[in-house]
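Please build the complete structure, drawing on both the sequences and the hints.
Number of protein chains: 2
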Amino acid sequence: MATYLEQLETPVPIVDLDRLAFNLDRMAAYATLHGLRLRPHVKTHKSPRIAAEQLRLGAGGLTCATLREAEVMAEVCDDLLVAYPPVGAARLERLARLPSTVKVGVAADDGDAMPALAVAAKLSRRVFDVYVEADMGMHRVGLATPEKAVALARQVSDLSSLNFAGLLFYPGHIREPMTEQSQPLAVLSAQLARYLEALDDAGLPAKIVSGGSTPAAWRFHEVHGVTEVRPGTYVYNDRTTANIGACDWDDCALTVLATVVSVAVKGQAVVDAGAKALGREPLRAEGDGYGALLDRPDVVVSRMSEEHGILDLSKTAWRPRLGDQVRIVPNHVCIVVHLFDEIVGVRGHAVETRWPVAARGRGPAYDLAPEGPSRPRAV
Amino acid sequence: MATYLEQLETPVPIVDLDRLAFNLDRMAAYATLHGLRLRPHVKTHKSPRIAAEQLRLGAGGLTCATLREAEVMAEVCDDLLVAYPPVGAARLERLARLPSTVKVGVAADDGDAMPALAVAAKLSRRVFDVYVEADMGMHRVGLATPEKAVALARQVSDLSSLNFAGLLFYPGHIREPMTEQSQPLAVLSAQLARYLEALDDAGLPAKIVSGGSTPAAWRFHEVHGVTEVRPGTYVYNDRTTANIGACDWDDCALTVLATVVSVAVKGQAVVDAGAKALGREPLRAEGDGYGALLDRPDVVVSRMSEEHGILDLSKTAWRPRLGDQVRIVPNHVCIVVHLFDEIVGVRGHAVETRWPVAARGRGPAYDLAPEGPSRPRAV
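Protein chains in written order, with the numbering used here: chain C, 1 to 379; chain Z, 1001 to 1379.
Just so you know, these hints were derived from the structure itself, not from any lab. It should be emphasised that the depicted structure is a prediction, and the values quoted were computed from it without experimental measurement. Glycine included, every Cβ here is placed at the ideal spot set by N, Cα and C. Some hints could be false.
Here are the simulated lysine-lysine pairs, DSBU-like style, with alpha carbons at most 35 Å apart [what the hints assert, rightly or not]:
1. C:K266 with Z:K1207
2. C:K266 with Z:K1148
3. C:K148 with Z:K1315
4. C:K122 with C:K103
5. C:K103 with Z:K1266
Residues from chain C shown here face chain Z by an in silico Cβ test under 7 Å; the list is partial [as the list claims (entries may be wrong)]:
6. L57
7. A65
8. M114
9. R140
10. T145
11. E147
12. A151
13. V265
14. S302
15. E306
16. C334
17. D341
18. V344
Next comes the structure, spelled out in structure tokens:
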């Protein structure tokens, strides 16, 4: 017997499977068209099922942030980039214990971390690819000058268990509407050229130049020298992606299904999706609130408690009734996925499938301690 | 062999067991001293282990928000208040399926939800206690006038499977330093008096008057008529609780242990606790950032990505090294607990115990579907 949306318990993240398929196809096609290697970031979906589909559509490897993600993704992929500083004994141990069939890459911005990383690579009987990370203006991690990047590349080259694979950056500060003339991308191109020239001059050419993110993804072919992109959000998209123009509203594949649980206070309706279901992420674009209704984007979640979301009804004549269901497009979908254990896949109003957010959490996916909470799940 | 903080993989939430014990004792003593029934909200800890300790120290029942919380807490408690609107078939079914030994209470603010709630109570072969919820100024849920509260209380009284148990409110809007003269509490007392008088006049006296929250908890004996308090955060406390003066900084029992993973960008250090470990909760008090270091409260997490937290070093001469560990007091601890599967209990620098966040998640704790992700865990 089929299950329909109306029968689902809320709050629950639901994914429109047709939209997901379209989003996966679209990015794969973009990368193919422009000869860019697509190495999607799995932080958004944390699901081997979706990663496998990305690979089937031509992705050349995956990007991870946590070791949990890498361990789970090793089930479906043998080329993993951990785009996160390899610092801390536990992180290095888990890196070394990744299945021997996996080609391991890491991003790095500090020479002090290289000796221990080299030891971890040796213990795992393989060579780790090291991507030297540059700061192109986001000011989060990464080296600030071409000279520093060259020095780190040289240090890496001198260690036998490490291979200088290329240059990596994350342009998270670039979030502009796709329709406008791209001044920030021109600036980025010029910055990048200085790094690449310095590496060339030092006899350490960057074979891979890895950039990309969903907001800027569709224009990365304009950034000269880039060979690889690492978008994550594009699989589901969200309100920020749509509002900056990097996808259409109808490309938002993941919504949080919620139920109206109170209409007692005038001018608002309360749904059962609060900060523990939506996260408290700002909209990184024009607009306010923590999410908007899929079918009524003018109705936003204006306030939240842990388990309550307040729909502001001041700009609409619509008056929901107690028990009505709504679908909320979250501001930042990667946070929403991290808040749930399971995703429900729907086709129209019918529930078609469910899958675990298998790479959620922190614990090791293998060698589970007896009391550990993070038993690996069937995918 | 003992394990020490330094050996833990980060990010991880760690609880100072001595501080936890002090916090539990302090609230229990306050309630006893003032003859208030303590019905702690489990949303903060989501752990039957801590709930059992609260009960051992004299708590008269527990408060839950989600049905998952109620199901897990039923293992240790037979008197549960679900302080959440009983709306939606799935929520009602799970309410009805709570073990028959459990006395079930629910908060309500809408008569339209009562017929279905009465049916659920009948199906579960028991009488549900209904607490009529009033809005005392937070404007989230709750009835805005004494007349509406009386009408709902009467409707409840007329249904044989429901019992009008009393009046409930959540004073989440009251967050004031404990040391100042409490104007908001005086206003609250006056508001409450009008509700209680109206119920008395209608021949429907509120036997229980349930209020309370951690920020205002220590002064609830000043609010005339209140018989029960429902604080949650006090078990762990957090930066907001400390900064409004409802606890001392040294009463913050839960911190997120994190590792410095990058010092490449000037004036800052990056730790591996970002929005997926700390949440993006505002400080509801004076100050900025998303958390502060336990040992250096002047160093705050000023920016975050999903897995990166940026420590602002502009106001300190302290310069951490790559690989250093820090302990972060989060702005809002209830959100942090919801982000992890497991809590580590420490005594000084030694790891003493670990426990699962057993009531995390959404799925049923019993009658697990074959593919369900939320298998109940040993406590």
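Going through the hints against the structure:
no.	hint	in the structure
1	C:K266 with Z:K1207	28 Å, holds
2	C:K266 with Z:K1148	13 Å, holds
3	C:K148 with Z:K1315	26 Å, holds
4	C:K122 with C:K103	13 Å, holds
5	C:K103 with Z:K1266	33 Å, holds
6	L57	24 Å, violated
7	A65	5 Å, holds
8	M114	11 Å, violated
9	R140	6 Å, holds
10	T145	10 Å, violated
11	E147	13 Å, violated
12	A151	12 Å, violated
13	V265	5 Å, holds
14	S302	11 Å, violated
15	E306	6 Å, holds
16	C334	6 Å, holds
17	D341	4 Å, holds
18	V344	11 Å, violated
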